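Engineer: Single-letter residue listing:
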Amino acid sequence: MAEPMKIRAKMEGDAADVKVLMSHPMETGQRKNEKGELVPVHFIQSVIATHNGKTVLDVQWSQAVSRNPFLGFRVKGAKAGDKITLNWTDTAGDKSSIDTTVAA
Amino acid sequence: MTRAALTPRLLRNVKRPHRTLHLVGSTLWLALGMIVCHPTVAAGNEAALRVRGPAPLELVRSAAPASWQRQKVDSQGSSWPQTDWAGYNTLTTLATPPGNGAIHLITPTEGDAAKGRQLAFDRTRGGSCVACHVMGKDTPPQPGNVGPDLSLVGATRSDEWLFNYVYDPRTFNPGSIMPPWGAHRLFNVVEIRDIVAFLKTLKVVHTFGDTQENPDSRTPPKETRDNLDPTENPAMFALDRGKELFVRASVQGKSCASCHAAPESTMKSWAAQMPRYEARLNKVLGVEEFITRHARATTGAEFPMQEADNVALSVYLHHLSNGAVIRPDLSSPGARKAAASGRALMQRKLGQLNMACVDCHTREKHAFKWARGQYLVESRGTIAHFPTWRTSRGDIWDIRKRFQWCNVSVRANDLPPDAREYGDIEMALAEINKGEKISSPGIRH
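So the sequences go chain by chain: A and B. Residue numbers in the first sequence follow the numbering used here, run continuously in steps of one, and reach 104 at the last position. Residue numbers in the second sequence follow the numbering used here, run continuously in steps of one, and reach 1445 at the last position.
In case anyone wonders, no lab produced these hints; they're calculated from the structure. Keep in mind that this is a model prediction, so the values were computed, not measured. Do not rely on the hints blindly, as some may be mistaken.
Partner residues aside, some chain B positions facing chain A, computed with beta carbon under 8 angstroms [as the list claims (entries may be wrong)]: (1) D1216; (2) P1230; (3) M1236; (4) F1237.
Quick reminder that beta carbons are idealized off the backbone N, C-alpha and C, glycines included.
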């Protein structure tokens, strides 16, 4: 099941300011549960952002990223009405996707 | 529940002038089918709810999760203190007698000043003396100013006075907010002798090079994050979840929306009128306990307090009231009695640290001062943002979890979330916060 995600994109000067909040446990594999058992590794590994279909951001994440990650970035050359899409894939192979249009 | 089953019961409960309207509604439904009727019947439903009297509530069981003992871990796995502090005052029991003015030591003391210095600065024992006092030239970073500057105390006070004040300040000052370090066994007699020896070395005024180090001139923190920005506040995910739960059918086929079809218009100030005194239970119900008991009595769904679904519904219902001003109903004697009891509980000294809510959170005492790096605020302005996302804990806290945390912070056992005492305090706080605008879910460190 796709985890929920929030995205917002707004023009600031000549670039679109994009903010994304993802809902994910981002388990490091080193934390123990109440019974003292290790909680298995489970984190977002790959994040890809596209601007009108063209990849503008491609990142590999690790355990070092916090739970419910926040990602902010700026896309130069974007215009109001352009489409920004964000995809992630985690270590369990789960995927999630969200898109938005850039606000003026 | 189907529309057909719901309608006759509603008609019995609606006053005569409305009856015609409802019959029209029903006829329309029969004639035009679900699409037309759904909103029509639902609107009638809200009217019916208003004349039906008190909301159905389950009145027998506890609203806390069945296995509740004390808070153990947050959703992110951060643990809560588990020490048993039942030997000290809690909100429910008075276990420690007030200071009786006894002098505990009358001979001059000899102690190890180096050890005393270490104990005074040790954060693991009582939060360290520096949490509240500036202590001479060696003061560690970010001292507090709840207590007086002790930089000159060695020049002005005797060994005997210092020993007895640290052992139990109530000997000299019954209203002191300083923990009775000896009487409450935080430090033993030998350790207090060492601390006194260190205090005796403090004889020079401490001047701060940095205004941000000096607690008297440090800038108070200001929350600048936009709590309603969904890309900024993770609690907004719970808002979506709450919205879903509101319309999700229970095993009995009913959802909250079966009776509350247009919550955006009909419940836009409901949460602002909570908590409410409930005569059937003779206690105050906040939004969260109301959800648990009302759902059990209506849809049959189980939403125990402080479990994720209950919190999500609470976030949703508070969010509907955003912008509405807090105005608890204090018209009944029961509500006024609860608020008075809450105000009294806020004055009660609790736990091993022997502190009351009012000690830190009223202008008259120590609000707007620093306890180490934490800035103390007064009670007004502290509830309108609940439930709130706590960045430091990675969790959404309802107001009752905040009370539980206050308890363990002063080293008193936390109570179950549906405790009567918490209800009374919630009512007292709602009265103090009357007129504040709801803005939920909040976000705080």
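Engineer: Next step is simple, just say for each hint if it's right about the structure.
Structural biologist: Evaluation of the provided hints:
1. The closest approach between the C-beta of B:D1216 and any C-beta of chain A is roughly 35 angstroms, which is over the 8 angstroms cut-off, so the hint fails.
2. This hint holds: B:P1230 has a C-beta 4 angstroms from the nearest C-beta of chain A, less than the 8 angstroms allowed.
3. Contact between B:M1236 and chain A, as hinted, is supported at the beta carbon level, the nearest pair being about 7 angstroms apart and thus within 8 angstroms.
4. For the restraint placing B:F1237 at the interface with chain A, the shortest Cβ-Cβ distance is roughly 5 angstroms, inside the 8 angstroms limit, so the hint holds.
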